[in-house]
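Please take these sequences and the hints and turn them into a complete structure.
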Amino acid sequence: MMLFIVLLFLAMSWWMRCYTNHGDAYTVENYMDMKVDDAIKKIDKGGFRYVLTDSVFIIDKEPGIVLDQNPKLGEQVKEGRRIYLTISKSNPDEVSLPSLVGNYDYEQYVKKLKLLNLRATVKEQVFSNKLEPNSILYMYYGDEKITQSDINDGVKIPMGAVLEFVVTTRTGGKVEIPNLICKTYSEAEFLITASGLKLGAVSGVPGSDDLDNTYVTSQFPDFVADAMVPLGSTVDLTLSETRPTACD
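In my numbering, the protein residues as written are 403 to 650.
Please keep in mind that the hints were generated in silico from the structure rather than gathered at the bench.
The structure presented is a predicted model; accordingly, all values stated were derived computationally and were not measured.
There could be a bad hint or two in this list.
To be verified - Here are the simulated EDC-like pairs of lysine to aspartate or glutamate, each with C-alpha atoms no more than 16 angstroms apart in a straight line:
1. Lys585 to Glu643
2. Lys514 to Glu431
3. Lys447 to Asp470
4. Lys437 to Asp470
5. Lys532 to Glu578
6. Lys491 to Asp462
Claimed, not checked - What follows is a set of in silico ranges between Cβ atoms, one per label pair, in the way DEER data are often shown:
7. Lys516 to Val557: 29 to 35 angstroms
8. Lys516 to Ala427: 39 to 45 angstroms
9. Gly449 to Lys513: 46 to 52 angstroms
10. Lys513 to Lys600: 35 to 41 angstroms
11. Gly449 to Glu496: 37 to 43 angstroms
12. Phe625 to Glu534: 32 to 38 angstroms
13. Thr636 to Asp462: 43 to 49 angstroms
14. Tyr486 to Lys513: 29 to 35 angstroms
15. Lys600 to Asp495: 46 to 52 angstroms
16. Cys649 to Asp462: 53 to 59 angstroms
17. Asp552 to Leu613: 38 to 44 angstroms
18. Lys447 to Asp470: 16 to 22 angstroms
19. Lys480 to Asp439: 21 to 27 angstroms
All residues carry an ideal CB built from backbone N, CA and C; glycine is no exception.
Structural data, given as structure tokens:
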């Protein structure tokens, strides 16, 4: 009988120890800003399990770094509890660009880009006496020109990318070369002035007193689509008293 009581006491003591230990609380350590492999080793050593719940791209952040953990540092949990980790990733997500419609101001547009983890710089300033200064004309991602039409078509840019903008200015900058071929002298003179350029040498009809009835047969600099010259540059014209046949 006495032996039975002793054995029963020992069994009860063992069970109580197991029950008490089962309810022990463990303090969660800090895994933030650790490399994920190191964090996992630390989690395993602490008697916990881990779950990778998400990965997020952050500009200039090394991939595979713990960005968030749940439970947090210092919380009391039971042994074997799952620790949920969010880590940084190397491949950036692609995002759609905000519309330019009603939003052509460069500074305001840059604020929207920052919310998307996109960066911006001014590639070129183009003179315009019609638009407000710093109005966006278009932008570049690498060699790709992006306009409002491309944005409407759903063009996407990887987070962290740098967009280069062409914006307007009223002091200095560059302007597009107008196409003056086949224009009358007066039309060409008006387009040159309206573009912020200056009329240079005029040749082809020496001594003519009626330039308004002459036509432009060539110009320098030549017209090339999207080509730019500094504001205030001169444009030379060659004129003819007869309209060139190529203009018909």
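Here is what the structure says about each hint:
1. Lys585 to Glu643: Since the Cα atoms of Lys585 and Glu643 sit roughly 12 angstroms apart, the hinted pair holds (cutoff 16 angstroms).
2. Lys514 to Glu431: violated (37 angstroms)
3. Lys447 to Asp470: Violated. Lys447 to Asp470 sits at ~19 angstroms, over the 16 angstroms cutoff.
4. Lys437 to Asp470: holds (12 angstroms)
5. Lys532 to Glu578: Given that 16 angstroms is the threshold and the Cα spacing comes to 14 angstroms, the pair holds.
6. Lys491 to Asp462: holds (11 angstroms)
7. Lys516 to Val557: 29 to 35 angstroms: violated (19 angstroms)
8. Lys516 to Ala427: 39 to 45 angstroms: holds (43 angstroms)
9. Gly449 to Lys513: 46 to 52 angstroms: holds (47 angstroms)
10. Lys513 to Lys600: 35 to 41 angstroms: This hint holds: roughly 38 angstroms between Cβ atoms.
11. Gly449 to Glu496: 37 to 43 angstroms: holds (40 angstroms)
12. Phe625 to Glu534: 32 to 38 angstroms: Once the Cβ atoms are compared, 27 angstroms apart, the range 32 to 38 angstroms for Glu534 and Phe625 is violated.
13. Thr636 to Asp462: 43 to 49 angstroms: Holds - the Cβ-Cβ distance for Thr636 and Asp462, about 46 angstroms, lies within 43 to 49 angstroms.
14. Tyr486 to Lys513: 29 to 35 angstroms: holds (33 angstroms)
15. Lys600 to Asp495: 46 to 52 angstroms: holds (49 angstroms)
16. Cys649 to Asp462: 53 to 59 angstroms: holds (56 angstroms)
17. Asp552 to Leu613: 38 to 44 angstroms: At 43 angstroms between Cβs, range holds.
18. Lys447 to Asp470: 16 to 22 angstroms: holds (21 angstroms)
19. Lys480 to Asp439: 21 to 27 angstroms: The hint (21 to 27 angstroms, Cβ to Cβ) holds, given that Lys480 and Asp439 are roughly 25 angstroms apart.
In summary, the structure is inconsistent with hints 2, 3, 7 and 12 from the numbered list given earlier, while agreeing with the others.
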